[in-house]
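*Asks:* Sequences listed follow chains A and B, in order. So the first sequence is residues 2 to 243, counted in this note's numbering. So the second sequence is residues 1412 to 2297, counted in this note's numbering.
A portion of the hints provided could be inaccurate.
What the hints assert, rightly or not - In silico lysine-lysine, DSSO-like type, Cα no more than 27 Å apart, as pairs:
| id | chain 1 | residue 1 | chain 2 | residue 2 |
| --- | --- | --- | --- | --- |
| 1 | A | K11 | B | K2168 |
| 2 | B | K2088 | A | K11 |
| 3 | B | K1567 | B | K2027 |
| 4 | B | K2106 | A | K22 |
| 5 | A | K11 | B | K1567 |
| 6 | A | K237 | A | K218 |
| 7 | B | K2168 | B | K2143 |
| 8 | B | K2024 | A | K18 |
| 9 | A | K18 | B | K1567 |
Said to hold, decoys possible - Stretch by stretch, here's where chain A covers chain B in the computed footprint (C-beta under 8 Å, at least three residues):
| id | stretch |
| --- | --- |
| 10 | 1664 to 1678 |
| 11 | 2113 to 2125 |
Stated by the list, open to error - Calculated from the model, a selection of chain A residues having no Cβ within reach of chain B, i.e. all distances over 10 Å:
| id | residue |
| --- | --- |
| 12 | F16 |
| 13 | P25 |
| 14 | D31 |
| 15 | N35 |
| 16 | C36 |
| 17 | A41 |
| 18 | R58 |
| 19 | D118 |
| 20 | G130 |
| 21 | H222 |
| 22 | M229 |
Hint data in this document are derived by calculation from the structure and do not stem from the laboratory. Cβ atoms here follow ideal geometry from the backbone N, Cα and C, with glycine treated the same way.
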Amino acid sequence: MAEEVIDLGKMTRDFKKEAMKIIPGGGNLDLCLNCGTCAAGCPATGLADLDPRKFLRMILLGLDEEATKSPWVWMCTGCQRCIYACPMQIDIPRLVYNARATWPREERPKGILGSCDMALKNASGSAMGASPDDFIFVVEDVLEEVKDTQPGWDELQAPIDKKGAHFFINQNSREPVTEPDELIPLWKLLHVAGIDWTYGSKGWAGENYCMFLADDKSWEHVTRTSIMQCAELGCKVYLNTE
Amino acid sequence: MGMNKRKAVYVPFAQTVPLKYTIDRKACLYFQAIDKGKKGKCKACEKFCENDAINFDQTATTVDLNVGSIILAPGFQAFDPSKWDTYQYTNFKNVVTSMDFERILAATGPTEGHLVRPSDKEQPKSIAWFQCVGSRDINRCDNAYCSSVCCMYAVKEAMIAMEHAHDPLEASIFFMDMRTYGKDFEKYYNRAKDDMGMRFIRCRVHSVIENEDKSLKVCYVDEQGNIQNEDYDMVVLSVGLESSASAIELGNKMGIELDKYNFAKTSDLTPVATSKPGIYVAGCFQGPKDIPYSVMEASAAAAAAARDLASARGQLQKIKEFPPERDVSGEETRMGVFVCNCGINIGAVVDVHEVAEYAKTLPNVTYVQENLFSCSQDAQDQLAEMIREHNLNRVVVAACSPRTHEPLFQETMSNAGINKHLFEMANIRDQDSWVHSADHDAATQKAKDLVAMGVAKANLRVALQPIEVPCTKSSMVLGGGPAGMTAALNIADQGFKVYLVEKKDVLGGHGRKLRKAFSGEPVKPYLDDLIKRVNDHENIEVHLGAEPKMVSGFVGNFHTDLTTGASFDHGTVIVAVGADSTKVKEYLYGENPNVMKWWDLDKKIEEDPDSIKQAKCAVAIHCVGSREPDRPYCSKICCAHAIESAIDLKELNPDLDVYMLYRDIRTYGRLEELYQKARSMGILFVRYDPDNKPKVEEVGGKLQVTVTDHVLGRPIVMSPDFITLYTAIAPKGTEELANMLKVTLNQEKFFLEAHMKLRPVEFSTDGMFVCGIAHYPKPLDECIAQAQAAASRAVTVLSKDKVVIEPIVAGFVDKEACRGCGLCVALCPYGAIDIEETPEGRKAKLISASCKGCGICAATCYRHAISINAFNDTQIEAQMHAFLNK
């Protein structure tokens, strides 16, 4: 493949045009100086024979299919180190996102796909599939245990669906599902600080694999469920812990 | 700069003028108390100063001046990289800025010129330079422009560091585009790369990690895209140039317009004029630039101001008075020898103290002194003082080149009341420490020899008086392009006659081909106006279709015969003859009509826009004939011109695919904006390697270009409707003119200025000046500024009634020895010798004012009848004896 001549006359560069319409401000894609700072700072450089500079270059030249279909687009962690140092502030992470979105949903990586599907199963939005009832049970159970066994924490709270609380706080599913004790430190901090907060029974899960899957509709659904719960409770601030 | 602690009483920097101490009010105990409203104490400096030079009552004073014109030259400040957390300038000790590094290399710096890394004061074994820190960046800062000078200064710093290091030093420069676009810069870059083994790595480094031993881990990608990790002892951030807050304040106070980067706004057609009439700008406040161009621009600003003030010329003139000259002819020789360290330039190689001690043993030497910088103001004052104190009547300065510094020392001689020709220089820098830096002992020995030879010659020096001749107050300007016409108009506006000589039958030169300046301003109306003003000017006499046939004479007294038969006298010459395009044998040029040179494309844009609107693909190839082994220079204007034209193409036809095949994009200064604009329009830039140039073919009657994409490393192919070649600019026929004018050319046959930095528009031959692309390719704004500068320098000659000629000429004919053979007359290139009939027969007769002191006559005369003042046989023999009999 390396020696195959790239005929620029045949390139439509549709992907670039579409991406620039979607990315806020166009993402400065055309401004690339090929300086290599993105590739030098990228944890995914060299994987699948690609790096951010090469990826963008392919898009600019019009190798839409080859670039967007590379498994590399799923190796990007979205860490933003590229755009952070890029002299032209080129939005490569969002470009990668748009490349992911071109994949048929069923062909996207199983792990991410499965996690997104889990989140769509019930109102929790949890990538691990935990239901609102499961979440409520775990939180209440852990809270009770703390009050019983840890002196001085009689007043500790972990409210769910508390109307009019100032902060609506979400929570990664990993803690309630696999490490319940890890929930406690945050509660204690909030308690000591005297914060008025609440979890929601709906949309309590903070992670959003549908975003990583580049499944816009599902991403919106998961996010909307959570935000609506916050709004319904009349909370002033949505505090995203992810 | 915070690299070292300094006292509350300090000298701002080593070569500050005047070299005087000042008190840091914030650090001074006395003033700290006063400023708190308490009674001040300490005043130790006052107690200890033997000369009672401390004055606590001095305050800033306001001086009112009435002026007719103002020139702003507040300079620049270096970009502060503290806020860039990726490079950790504030936290990692061994990350320094280029300005810090200059101080580390400086003899007067915190390390006294020893190359050491800040963390442990050990000599670094490897140093990395990061280019474009605070330049060409719209993310981490707002300086979208290129700072113009950093590529060259980084190469220079790396070169000096490699030369200074005792052990081999690995120097790597991380860059995006290597911008060595100035005169002779490309050769410097090639030398660093090919001869010195400096590494040039094309990558902008993402971030730096500090290792336990305080060395720095630099992670980058090579051109193939592979991650590379390298440890460096030091990292130097090549920081950009920007306007300081005080410069911005000055600009605002003056009411001049600043551009979006806070540089003074100027037009490409009036490059040193601010938005406010009568206020001019020079140097980096106009935009980032290097020393040669800043110095040139200073003269240009002076020319612009002088034009406004021509009617008031001389009104506030003060004439410098020298003390009467002491007649030393009857005195015993008392010689002073001053040996210079030139910072570390000499001192780091030559044992200056040993040389000074040796000088004390030489005949007639009564006083010897070592200097850090002999050329500094305080060293000059001291030189004069020592002459008086020790009653010296000969002086030898062992330092740098007389080419640059002899006039300075000679003036000091005059200030001390001693004839300036009783002075001699020994060049222990250019001819010794610089070229023998690897062998300190041999270099010290050579310095001693040079000093001994200098002393031997100085012993035989005699007082000489200058020759004064009247000055013809007119100038000849050769070349009727924008540069020539600008120079002519400025001189004429200042009230002097100008003979403007143009080879062609029309004025305008290459200006006629230019559609617009890089700023976008149209050239035609400007040029038409310029031509009209030239033709209408009462002081300008235009000679079209004419070339000089013979130019004779000397500064203030030239005579020229033109090929048209016209002839005239003039006091100065300005060479603005331009340069030309080059022949192309590559890329199917001449074989396929759709392969064009750049002005053909410009013409197409102007005359046939429909063909562009119908085209699908256009390709431009840069560096055609430039930066090649047989033409090792950058033609400087092609990148920006190519990009400007590409933008025009895109504006005419947004659907057109435009590809620029380049080697380095060299849009320096604000021209970088053009490059950014071109990219934002979707113009694609593909970098090719000179070893793997683009392949242009005709396939099925259509053009096809194949080139390797520099990022993907894969071949890409385009089928352009037309290809534009950005061909080199080269001098044409300059050799003949240079011979006629007795001026020099550089290796590539561009006219060579007397000194790149200090005398950028003057020839070594007095009264002759150069501007425009005859000097080196440059864009219109720089041509105009340079023409103003040349005019300014010419007027310094024309504005005086007399010309003073140095008496280093054939000074004497031994009438008894002379046989009147006429050999000298035949050989003198300046027509400065005649044969006269005398009662004793035919004898040679000198015309001293025409003589340039070349010495051909003296060297040829088998009778030794002619000698050159200050270079006679006896003196030269004494030098040889001093060397051989040591």
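*Asks:* Looking back at the numbered hints, which does the structure fail to meet, lowest number first?
*Replies:* 1, 3, 4, 5, 9, 10, 14, 15, 16, 17 and 18
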